[in-house]
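Novice: Residue numbers (our numbering), protein chains in the order written: chain A, 101 to 476; chain B, 101 to 476.
Everything labelled a hint here was simulated from the structure, so no lab data went into it. Wrong hints could be hidden among the right ones.
Since the list gives no way to pick out one identical chain from another, each pair is judged satisfied if it fits inside one copy or across any two copies.
In silico SDA-like links for lysine to any residue, alpha-carbon gap of 20 Å or less [to be verified]:
1) K385 to R220
2) K252 to K463
3) K102 to R313
4) K459 to R379
5) K102 to A221
6) K227 to D247
7) K341 to A390
8) K337 to E198
9) K150 to M101
10) K150 to M366
11) K102 to V249
12) K150 to M372
13) K275 to K416
14) K150 to D120
15) K102 to G223
16) K458 to G152
17) K102 to D340
As the structure is a computational prediction, the values presented were derived from the model and not from experiment.
2 protein chains.
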Amino acid sequence: MKLDEFHLERIQSQWENIVDYNLSESGVEPLRLNELVPHNRLQREILETKLGYPQTNGSIPLRRNVSSLYEGATEDHVLVTNGGSEANMVSIWNMLHESDDRDEVVVELPNYMQIWGYSRAFGANVKSFWLTEGDGAWLPDIEGLKDMVSKKTNLIALCNPNNPTGATMKEEHLKAIAEIAEDCGAWILSDEIYRGAELVEQRTPTMWDYYDRVLVTSGLSKAYGLPGLRIGWIACKDEDKVRDLWSYSDYTSIAPSMLGDRLGQMALEPAMREFIEKRTKRILKENWAAMEKWLGENEDIMTCIPPEAAPVCLVKYSESIKSTELAESLIQEKSVLVAPGDHFLLPQTIRIGYGHDKKKLVKGLSLTADFLRGEE
Amino acid sequence: MKLDEFHLERIQSQWENIVDYNLSESGVEPLRLNELVPHNRLQREILETKLGYPQTNGSIPLRRNVSSLYEGATEDHVLVTNGGSEANMVSIWNMLHESDDRDEVVVELPNYMQIWGYSRAFGANVKSFWLTEGDGAWLPDIEGLKDMVSKKTNLIALCNPNNPTGATMKEEHLKAIAEIAEDCGAWILSDEIYRGAELVEQRTPTMWDYYDRVLVTSGLSKAYGLPGLRIGWIACKDEDKVRDLWSYSDYTSIAPSMLGDRLGQMALEPAMREFIEKRTKRILKENWAAMEKWLGENEDIMTCIPPEAAPVCLVKYSESIKSTELAESLIQEKSVLVAPGDHFLLPQTIRIGYGHDKKKLVKGLSLTADFLRGEE
């Protein structure tokens, strides 16, 4: 059986190091190591690091810092993984493998399609419910979710804040979804890797606060601008489940990197965490201003519901070209890479990542508009 | 369905950070970051590293350095993964998922049981052939392998040099196994993560030189003493297959860490590689001398076929205690951790890792002998 190609990762992997203007990146401009470790003494400590295996589920100090993000959690409620990606993979594998009678995964769409594709590869019956446009916002179709779940539903998979729209769910949505999960006996997998990267004032609520059988996956790759550390995690209230998940990661990559573990711990120390979150929000605000200006200048040929969080947004264009073709032509003709909406099952849209270098963003956007207007 | 517990990783994860004498470690004493990067200028460069995603299949310089280990290979024949563990996982998942009619995996035993357990989790029919003792050496049972393969054999999985015995296969064995694979149309997965860590003069031959449809998995965690980097790889002669494997790692962890990629590249530069290999061999020789002395002093209660490579060896003891119980009691009574042979399907044995601190090794061995002799 062939694997569903993970189109988004494929196009990014193939082109991101080749194009001049990469607007496909879904994170913020990453920090440098010496921004994360500005002091000489700590730099020397880092240089002294023995490059052995760290504790395979993440060191206690790292897991403690992660647990501080979730009310009432301790280090025993956290499994550290190689990036949020491995956190999702281990969660899905564990949940589907352990269950004999629940083979359905209901995925929020649009979405980064990892959980969709990986669940299908495991033979799961993958269903969906959508964020739909209403009142200038992307809102979860709660009734649609109700119709989709059944006694065979293993997991309801959320991405909140959402990739690719930047929409966030409110408390009322989380409560409603938790109730639906409770009624059908499903777990919730809540990918919250963009939490902390809000453009709006309010921090995105976490499903941790509304449901007990939740696996919250997250990591340092998006809101914290540190994807190169490959530090992700699963937080879960059931300590036995956490140990069980750990026994699965024995088979996948055994452990995170030693430097990732140590630096991840530093990133989540209260003062550094505050510094990084402020930095992320500053980048988002400054760059969103450029995005907004561009959207305004081109409102005759495109629309966009402004993101509430995350350095990504979904732009709907009026040109009749297919989004994969648009993306392909943009690469070839303008050396600009965007993520085509087809890869999110939303044709006639493109996802633009606006979290990196502002000058390049402005130039890339300008070239994209030129292309859509048929200009050289 | 419950997962086969990966007993070896479980007992290590549970105890390795608690006991005083950890003889379960299967690598050599890891290098420090400033041993790998001794020069100030490069240290400053490392501190300047932007902690973004590296190229997801590994940077070109890293893959080029890896490819130099395999005759005729280029960077296009290499996929970089998060450790050798992920290299094995991605290989197994890919091979089993892509095939509709070959669901058998024939695994060399004894073995580190990752491939065994992971293949079973995917519903593969896992068979085995053994290294058997003869003439003071562990030799592959080639006739046994012939009996095991069929037209349904997907993969023959080797571990060469072998974990837990430290045995190495010779050219004649590799040729014979390649012929068997050819005859039944199977691929070979050759885990060669201990290659380069020889106690004997001759470098262990690689299956790369004897078979075309081979996936060689390896990494920096064992022979290179750098497990904390989590840099592993798959080398394969078929570039399309490498791209296909890459499309699977899109779903697992996306990319290695940025620091792992850069430091891995440095570790495999010719001069540094030579330095590290010499260091590994020096540690092996010095520490094996201590092992040998201990084995000689205790030859009335144990035997061991000396390893040809790798800082692990399998010790057969005459005491009638089960090895898992022995290991458990050693932890409780002597604060010594060894890997019980039961976890390698070889009862009445223990695997001892002798690649770390020599003083601790000597003390841990002494306590182990005390225990076996019933001494306080």
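Novice: Take the hints in turn and mark each one as holding or not.
Specialist: Here is what the structure says about each hint:
1. K385 to R220: neither (37 Å within a copy, 50 Å between copies)
2. K252 to K463: This pair counts as neither: shortest intra-copy Cα distance 49 Å, inter-copy 55 Å.
3. K102 to R313: between (32 Å within a copy, 19 Å between copies)
4. K459 to R379: Only inside one copy: K459 and R379 sit 18 Å apart there, 48 Å across copies, limit 20 Å.
5. K102 to A221: both (9 Å within a copy, 19 Å between copies)
6. K227 to D247: Within one copy only: 11 Å inside a chain, 45 Å across chains, cut-off 20 Å.
7. K341 to A390: For K341 and A390, the Cα distance exceeds 20 Å both inside one copy (45 Å) and across copies (42 Å).
8. K337 to E198: Close inside one copy (18 Å), not across copies (36 Å); limit 20 Å.
9. K150 to M101: The answer is neither: 43 Å in one copy and 39 Å across copies each exceed 20 Å.
10. K150 to M366: Close inside one copy (17 Å) and across copies (16 Å); limit 20 Å.
11. K102 to V249: neither (27 Å within a copy, 24 Å between copies)
12. K150 to M372: For K150 and M372, the Cα distance is within 20 Å only across copies (17 Å; inside one copy 23 Å).
13. K275 to K416: Neither way: K275 and K416 sit 30 Å apart in one copy and 59 Å across, limit 20 Å.
14. K150 to D120: between (38 Å within a copy, 18 Å between copies)
15. K102 to G223: both (12 Å within a copy, 17 Å between copies)
16. K458 to G152: Only across copies: K458 and G152 sit 17 Å apart there, 39 Å inside one copy, limit 20 Å.
17. K102 to D340: between (34 Å within a copy, 14 Å between copies)
The structure fails to meet hints 1, 2, 7, 9, 11, 13 from the earlier list, while all remaining hints are met.
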